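Please model the entire structure based on the sequences and the hints provided.
Chains A and B, in that order, give the protein sequences. The numbers in the working numbering rise by one with no breaks, and the one at position 203 of the first sequence is 203. The numbers in the working numbering rise by one with no breaks, and the one at position 173 of the second sequence is 173.
Read the hints as simulated data drawn from the structure, not as lab findings. There could be a bad hint or two in this list.
[Said to hold, decoys possible] Calculated from the model, a selection of chain A residues having no Cβ within reach of chain B, i.e. all distances over 12 Å:
1. Arg-10
2. Phe-14
3. Gly-34
4. Ala-94
5. Val-154
6. Ala-158
7. Arg-174
8. Leu-210
9. Ile-221
10. Leu-234
11. Val-239
[As the list claims (entries may be wrong)] In silico contact screen, one side only, chain B against chain A (beta carbon under 10 Å); selected entries:
12. Leu-74
13. Asp-78
14. Thr-98
15. Asp-101
16. Glu-112
17. Val-260
18. Val-262
Since we're looking at a predicted model, the values are computed, not measured. Cβ coordinates follow ideal geometry from the N, Cα and C atoms, glycine included.
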Amino acid sequence: MTVVVAVAKRAAIFVVSLWVASVLVFLACSALPGDVAQVILGIGADPASVDRLRTEFGLDRPLIIRYGEWVGGLLTGDLGDSYLTRRPIGPDLAPRIGVTVSLVVCSMILAMVMALLFGMHAALRRRHLDGFLTSAGSQIGLAVPAFWAGILLVVVFAVGLRWFPAGGHVPLSRDPLGWAHHMVLPVVSLTIVQSAVLTRYVRSAFIEVLADDHIRTARAIGWRQFPALMRHGLRNVAVQVVTVLGLQLASLLVGAIVIEQVFALQGLGTRLLDAVAQRDLLVVQGIVMLLVLAVLVINFLVDLAYLAIDPRLRTPGGTR
Amino acid sequence: MTEPVLEVAGLSVIFGNREPAVAGVSFAVEPGERVGLIGESGSGKSVTALAVMGLLPEQARTSGVVWLAGQPVLDRPDAELAALRGNRVSMIFQEPMTALDPTMKVGRQVAEVIGLHRRVARGQTRARVLEILDAVGLSGPARVANSYPHQLSGGQRQRVVVAMALVNTPDLVICDEPTTALDVTVQATVLSLLDSSLAEAGAGCLFISHDLAVVAQLCTRILVMLDGKIVEDAPLAQILAEPKHPYTRGLVATARIDQVPVGERLPTVADFWSRDGDVEEELR
Numbered sequence: 001m002t003v004v005v006a007v008a009k010r011a012a013i014f015v016v017s018l019w020v021a022s023v024l025v026f027l028a029c030s031a032l033p034g035d036v037a038q039v040i041l042g043i044g045a046d047p048a049s050v051d052r053l054r055t056e057f058g059l060d061r062p063l064i065i066r067y068g069e070w071v072g073g074l075l076t077g078d079l080g081d082s083y084l085t086r087r088p089i090g091p092d093l094a095p096r097i098g099v100t101v102s103l104v105v106c107s108m109i110l111a112m113v114m115a116l117l118f119g120m121h122a123a124l125r126r127r128h129l130d131g132f133l134t135s136a137g138s139q140i141g142l143a144v145p146a147f148w149a150g151i152l153l154v155v156v157f158a159v160g161l162r163w164f165p166a167g168g169h170v171p172l173s174r175d176p177l178g179w180a181h182h183m184v185l186p187v188v189s190l191t192i193v194q195s196a197v198l199t200r201y202v203r204s205a206f207i208e209v210l211a212d213d214h215i216r217t218a219r220a221i222g223w224r225q226f227p228a229l230m231r232h233g234l235r236n237v238a239v240q241v242v243t244v245l246g247l248q249l250a251s252l253l254v255g256a257i258v259i260e261q262v263f264a265l266q267g268l269g270t271r272l273l274d275a276v277a278q279r280d281l282l283v284v285q286g287i288v289m290l291l292v293l294a295v296l297v298i299n300f301l302v303d304l305a306y307l308a309i310d311p312r313l314r315t316p317g318g319t320r
Numbered sequence: 001m002t003e004p005v006l007e008v009a010g011l012s013v014i015f016g017n018r019e020p021a022v023a024g025v026s027f028a029v030e031p032g033e034r035v036g037l038i039g040e041s042g043s044g045k046s047v048t049a050l051a052v053m054g055l056l057p058e059q060a061r062t063s064g065v066v067w068l069a070g071q072p073v074l075d076r077p078d079a080e081l082a083a084l085r086g087n088r089v090s091m092i093f094q095e096p097m098t099a100l101d102p103t104m105k106v107g108r109q110v111a112e113v114i115g116l117h118r119r120v121a122r123g124q125t126r127a128r129v130l131e132i133l134d135a136v137g138l139s140g141p142a143r144v145a146n147s148y149p150h151q152l153s154g155g156q157r158q159r160v161v162v163a164m165a166l167v168n169t170p171d172l173v174i175c176d177e178p179t180t181a182l183d184v185t186v187q188a189t190v191l192s193l194l195d196s197s198l199a200e201a202g203a204g205c206l207f208i209s210h211d212l213a214v215v216a217q218l219c220t221r222i223l224v225m226l227d228g229k230i231v232e233d234a235p236l237a238q239i240l241a242e243p244k245h246p247y248t249r250g251l252v253a254t255a256r257i258d259q260v261p262v263g264e265r266l267p268t269v270a271d272f273w274s275r276d277g278d279v280e281e282e283l284r
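Shown next as structure tokens:
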């Protein structure tokens, strides 16, 4: 029963957040200076024809009506038509979603695996030189901007050694090997910062858990240190790390936009930047809403993960 | 004469460059014997216990000899010690609220202690878990086994911890202030539970406390620890009747407030002993 209530509560929060986000995204885009009609017709165009084009796009109508139309479309999965290309936005974005998702998901998984390994090592060996070096290494990784890492990787591994292509994308469904080959450098450059951030969280979470009374109990009943940590510490670490993972997703998406530029990947990020430059606001709104949706869905899943991990949240009498 | 279950000789423990936490401590616990180790916080009681269990943090430096159930403990590989812990020797800690894993049902946590040291079929393990939970006075053992720690009270949790410590019938149980975090009524029931369970298991006990009144209920011999050294080692009756060290005299006087004449100030340890060396004995 408590589980049902807890899930319902989080689902309600999800829906409300999504609605608030749609209002904010719409208002922010409306407030942007610049005008798509002006961009299409050029700086020297006469005001009358600019006004005519604005009327044709429906941009002269009140905000509330335009918002209603846009959200109504979103609910049926219709993102509207691009002002510039006059083509529906949804089908235009569909193939790009795959590019961005594979970039983000691969980076997330790789970053998580590396963070667990390095973070645990840094925590368990924190009083030794090697643990200190791991910790210091994560500090350096934290300071490296993703785009710089990307450029450096291209110079060394694409231009210099010619091991990997410097850019471009092959769909996974067409050629899995080619896809992987093209994804290596972008994923690695995005992963460097992410894994460094997560490593620090995993390290401090493990250090905290190591000092927990119930880990001492586990040792006292006959577990050796590492198994004790795996059996009785990992869940408690997971609660903390999963939280950060949800929060990091937003910064990962921002990183992906930059990395797509560096590696000329035809993903959502490159399209977003183009659309902003061209004041093609419906495209901007559509992409930003997709990104918001992704972040909210992940954070909703994070909340559900808490319920799975921590019994104090799903059984009566929990005081956490 | 049988071999002691625990023998400590010249044990010293040093953390970093500080004064030794434990400085040349020697004592033994005979099979089935109950020894109380008392002293104020910071006197080195808990460090002694952790050294005996081989659970000191890695930055601690030790010297001396510790024999546990006939095996040397200090500087032995962790695998060897892990086989002893929870099996031949077990430990009950102070904090029942946090000593158990919050994410695991307590039945599984008790079963783990069995599974770590015995090859037993699952059905038998379950039966043994329920049996021991019942033996430590938990009503409805099946329901308790199926609960998470947060669903139990402090007293119930400490009973679970006692069950975990006794389930493999160890030779020695080390109790580190096991009742300090409990309220007085629960304290009394847990003490009498420990008393009967230890007797039934025939286990020796090293009982650590700062409270002479608590130790007196359970132990037959008392070690008084002060600044990392054992300053007095005598049978309980002798400690109570004729304490030798001024610090012990202070402990006895403060534990027997029923002997203070009505209206007079309660004694404190400082009346008998102070670290500056000038012992005030005006109460005599």
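Against the structure, the hints:
No beta-carbon of chain B comes within 12 Å of the beta-carbon of Arg-10 of chain A; the shortest separation is about 20 Å. Chain B leaves Phe-14 of chain A outside its interface by the beta-carbon criterion, the shortest separation being 25 Å against a cut-off of 12 Å. Chain B leaves Gly-34 of chain A outside its interface by the beta-carbon criterion, the shortest separation being 53 Å against a cut-off of 12 Å. The Cβ of Ala-94 of chain A sits about 41 Å from the closest Cβ of chain B, beyond the 12 Å cut-off, so the non-interface label holds.
With a closest Cβ-Cβ approach of about 44 Å to chain B, Val-154 of chain A is found to remain outside the 12 Å limit, as its non-interface label requires. The claim that Ala-158 of chain A is not at the interface with chain B holds, since no C-beta of that chain comes within 12 Å of its own (minimum 45 Å). Against the 12 Å criterion, Arg-174 of chain A stays outside the reach of chain B, whose nearest CB is about 44 Å from its own CB. The Cβ of Leu-210 of chain A does not lie farther than 12 Å from every Cβ of chain B; its closest approach is about 10 Å, which violates its non-interface assignment.
Its beta-carbon lying about 4 Å from the closest one in chain B, Ile-221 of chain A breaks the requirement of being farther than 12 Å from that chain. Its beta-carbon lying about 9 Å from the closest one in chain B, Leu-234 of chain A breaks the requirement of being farther than 12 Å from that chain. In this structure Val-239 of chain A is not separated from chain B by more than 12 Å, as the shortest Cβ-Cβ distance comes to only about 9 Å. About 17 Å separates the beta-carbon of Leu-74 of chain B from the nearest beta-carbon of chain A, more than 10 Å, and the hint is not met.
Residue-level restraint check for Asp-78 of chain B holds (minimum Cβ-Cβ distance to chain A is 5 Å; threshold 10 Å). Proximity of Thr-98 of chain B to chain A holds as hinted, the smallest CB-CB distance being about 4 Å (cut-off 10 Å). Checking Asp-101 of chain B against chain A by beta carbon gives a least distance of about 5 Å; that is within 10 Å, so the hint holds. At a threshold of 10 Å, the smallest CB-CB gap from Glu-112 of chain B to chain A is about 7 Å, leaving the interface hint in force.
A hinted interface residue such as Val-260 of chain B counts as satisfied when its beta carbon comes closer than 10 Å to some beta carbon of chain A; here the least separation is about 37 Å, so the hint is violated. The interface hint given for Val-262 of chain B is violated, since its Cβ lies 42 Å from the closest Cβ of chain A, which is over the 10 Å cut-off.
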